[in-house]
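S.K.: Sequences and hints are given; from them, build the entire structure.
Listed below are the residues making up each chain.
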Amino acid sequence: MSLSRSSAIPRSALTTMAASRRSVLRGMALSGLAVGGANLLAACGGESGPATGSGATVKFGINEAEGVGAAYDRLKAIADAYAKESGTEVALNAVDHNTFQESINTYLQGTPDDVFTWFAGFRMSQFAENGLITDLSDQWPIDGLGDSFKQAATASDGKQYFVPISYYPWAVFYRKSVFEKNGWAPPETNDDFMALMDDMQGKGVTPFAFGDKDGWPAMGTFDILNMRLNGFDFHMSLMAGDEQWDGDEVKLVFDTWRQLLPYHQEDPLGRTWQEAATAMGKGECGMYLLGTFVVDALGENGEDLDFFTFPELDSSIGSDALDAPIDGFCVSSAGQNVEAGKAMAKWLGSAAAADAGNNAADAPFIAANENASTSTYSDLQKKSAEVVGAAANIAQFMDRDTNADFANTVMIPSIQDFLKNPDDIDGITASIQEQAASIFG
Amino acid sequence: MTTQAVPPTTGPTPSTDAARSTPPRRVEGGVMSKPRGVVVTVIIALLALAWLFPLLWALINSFREYEYTQVNGYLSFGGWTTSNYEEAWSRGNFGLHMRNSLLITIPAVLLTLWLSSMVAFVLARFSYRFNLTLLGVFLAANLLPPQALLIPVFRMFREIPLPLFMSDSGSMLNSFWALILVNTAFQMGFCTFVLSNYMKTLPHEIYESAELDGASVWRQYWQLTMPLVRPALAALATLQVTWVYNEFFWATVLIQQGNKLPVTSALNNLRGQFFTDTNLVAAGSIIVALPVLVVFFALQKQFVSGLTLGSTKG
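Chains A and B supply the protein sequences, listed in that same order.
Sequential numbering of the first sequence, starting at 1292, is according to the numbering used here.
Sequential numbering of the second sequence, starting at 87, is according to the numbering used here.
The set of hints was computed from the structure by calculation and includes no laboratory data.
We put the beta carbon where it would ideally sit given N, CA and C, even for glycine.
Do not take every clue at face value.
To be verified - Away from chain B, derived, C-beta distances all over 10 angstroms, residues of chain A:
1. 1352
2. 1356
3. 1376
4. 1387
5. 1420
6. 1445
7. 1473
8. 1531
9. 1542
10. 1549
11. 1566
12. 1569
13. 1573
14. 1594
15. 1715
16. 1729
As the list claims (entries may be wrong) - Going by beta-carbon spacing under 10 angstroms, a handful of chain A positions derived as facing chain B:
17. 1357
18. 1359
19. 1393
20. 1565
M.R.: In structure tokens:
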């Protein structure tokens, strides 16, 4: 046994060795590949060096991915214009909107860019409180940005941390042709409004398109009802967690909403806002309360669209408040070049920045700077600027005005519960209050 | 060579061999009456359809225009186009992101297999007192959800500086190194478990004779064990490529630079701020899924055998 085996060993060992020489070679080739890969990694990692020569480098993080269209083109053009004008090199970091927003916390605590796109309101203020963004009060005032924008750029400590560039209003959109054909007109008073909705129903048209599968669109309805019924100041302090969610005021909002629901499309939880917009576009519904981005879903330039602000519900409160979310820029505290970032942020608020953006894209935004050129604006945009300019108070939309956790984990499911079961207002408001108390403390 | 070496492996495991050739098993699994066969076929076909339906639905709608489906609903028929694919490719910038995925997946898989095969070799071939404990620790780490480690890993990587030629962010964050390491760490537990079980089925006699011939431990590992576990390595490589390629969580957490995201995260590029063209996203998803499908079909045999790897212990 041992003999036969010992005689067999050389042969098997030989074959093993021959074969394993091959596999060793292969192994070496593979590890070579790994090393080569590593070199490649290094090569694509380290191409941009620190600032040298005349201009420093500013890292500019934007929340639009390359190639998405107008939104990216605008920001790119703005970055290019700044690079040209200031001689500073602008390194663009383009991440898609939703990823950017969802990972903003890790972004700011990790290796953030110097300047980045962000929103006005509570969301900005929260970062200011945590020291994640830089105080920009030494860059303010910025020529052409009025008091309301300065207010929107101010955090709870009274300093500015934000530079606005554009905004868009939430309003009631309708098809001009549909209104004309039926002889309808935008309502001025609450009575007009109710009469209009009754007339629409009589003609077999659902007055309001409505979809809340995405969770956030119905927040717009809550916002506007709260501002119309309880006033802007109450709305803002409710958003800040300083009012009772189970008080009579909020119950009144939900109760009014419940009465208006028969005028809305049924089963909103199964419908995205895009589908609701299509229903309005096709004339199945008369109106749609949404932001100006409603045109995106219709696949047209919006020539047949018009809008009006939500009419007053309580004459003692009026209708001079609306949601008009402001987009703009912040400078991160952990950036590598904070001073250059601040300088760029100031320029981003200028009319030149807005013009550079608007000239580059066929769908211009509504510039925050009052000196910006409006020559490329469509009718919708001109009217948006007008309506927002006339508004006495501007809110930012619920998910920007309040704690993000509260908006997403409490308000979205609560509003959806309400839409499922509109009669349980007491239960829903009590549950919101309970959760609000634990979040706002 | 492998086939030559395999026969001895059946040596110490006669039980499985015997089980395979026992008559009752064969009868049980092989014959089925005709009507029962038909019923089973129909049920299986229906189940397969139910599973395939969402995929086929996405495939069909990826070839349709958004305007058409939005006006006529998804139950309509028409609006055919291939432009979704062209647009998805250019808008999603998939060329760049596929390259990123490649640069992450290949090193991560190679590193995982290499390291875990070494651990597995030691665990399978040498008996220390803590052998079982060590294997248990590797497995336990496998059970830990990655979400629970998000913050520690993030903070740790933020504090680890890298020279600029390795990462332009100057730290582990925003570098491929981070993703390669994280993926390797999280996949090692499973690979070690599978490989060590597989290596335990290799006959002890081979190692005894190798020892007699004076083969060092390294040589026993590299020249003796590695060729013998090649089937297991191939199967694991297939699985690992699929898993690491599909990894989404760590990439979104550790990478904040748009041009470094792997392809799974880049799929988000097709969503707008408000508006999402679902047909376009469907086309993008198909493109992203293709490499995995190719790997799966090309290496199907290893894949299937990989699912049961280590489930029967010799």
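S.K.: Residue 1715 of chain A: least C-beta distance to chain B exceeds 10 angstroms?
M.R.: 30 angstroms, holds
S.K.: Residue 1473 of chain A clear of chain B by more than 10 angstroms, beta carbon to beta carbon?
M.R.: 22 angstroms, holds
S.K.: Measuring from the C-beta of residue 1359 of chain A to each C-beta in chain B, is the shortest one below 10 angstroms?
M.R.: Since the shortest Cβ distance to chain B is 6 angstroms, the answer is holds.
S.K.: Would the least Cβ to Cβ distance between residue 1420 of chain A and chain B come out above 10 angstroms?
M.R.: Given that every Cβ of chain B is farther than 10 angstroms from that of residue 1420 of chain A, nearest at about 20 angstroms, it holds.
S.K.: Determine whether the non-interface label on residue 1542 of chain A survives the test: each CB of chain B must be over 10 angstroms from its CB.
M.R.: At roughly 31 angstroms from the nearest Cβ of chain B, residue 1542 of chain A sits farther out than 10 angstroms, so the non-interface label holds.
S.K.: So is residue 1376 of chain A really clear of chain B, every C-beta pair being over 10 angstroms apart?
M.R.: 24 angstroms, holds
S.K.: Quick one: work out the minimum CB distance from residue 1549 of chain A to chain B and report holds if it exceeds 10 angstroms, violated otherwise.
M.R.: Residue 1549 of chain A is indeed farther than 10 angstroms from all Cβ atoms of chain B, at 27 angstroms.
S.K.: Classify the hint on residue 1393 of chain A as holds or violated, based on whether any CB of chain B lies nearer than 10 angstroms to its CB.
M.R.: 8 angstroms, holds
S.K.: Hey, does the residue 1565 of chain A contact hint survive, CB to chain B under 10 angstroms?
M.R.: 7 angstroms, holds
S.K.: Beyond 10 angstroms from chain B, beta-carbon-wise, is residue 1729 of chain A?
M.R.: 21 angstroms, holds
S.K.: Could you check that no beta carbon of chain B comes within 10 angstroms of the beta carbon of residue 1531 of chain A?
M.R.: 25 angstroms, holds
S.K.: Measuring Cβ to Cβ, find out whether residue 1594 of chain A lies farther than 10 angstroms from everything in chain B.
M.R.: Given a closest Cβ separation of 17 angstroms, the condition holds.
Of the numbered hints listed earlier, those contradicted by the structure are 1, 2, 4, 11, 12 and 13.
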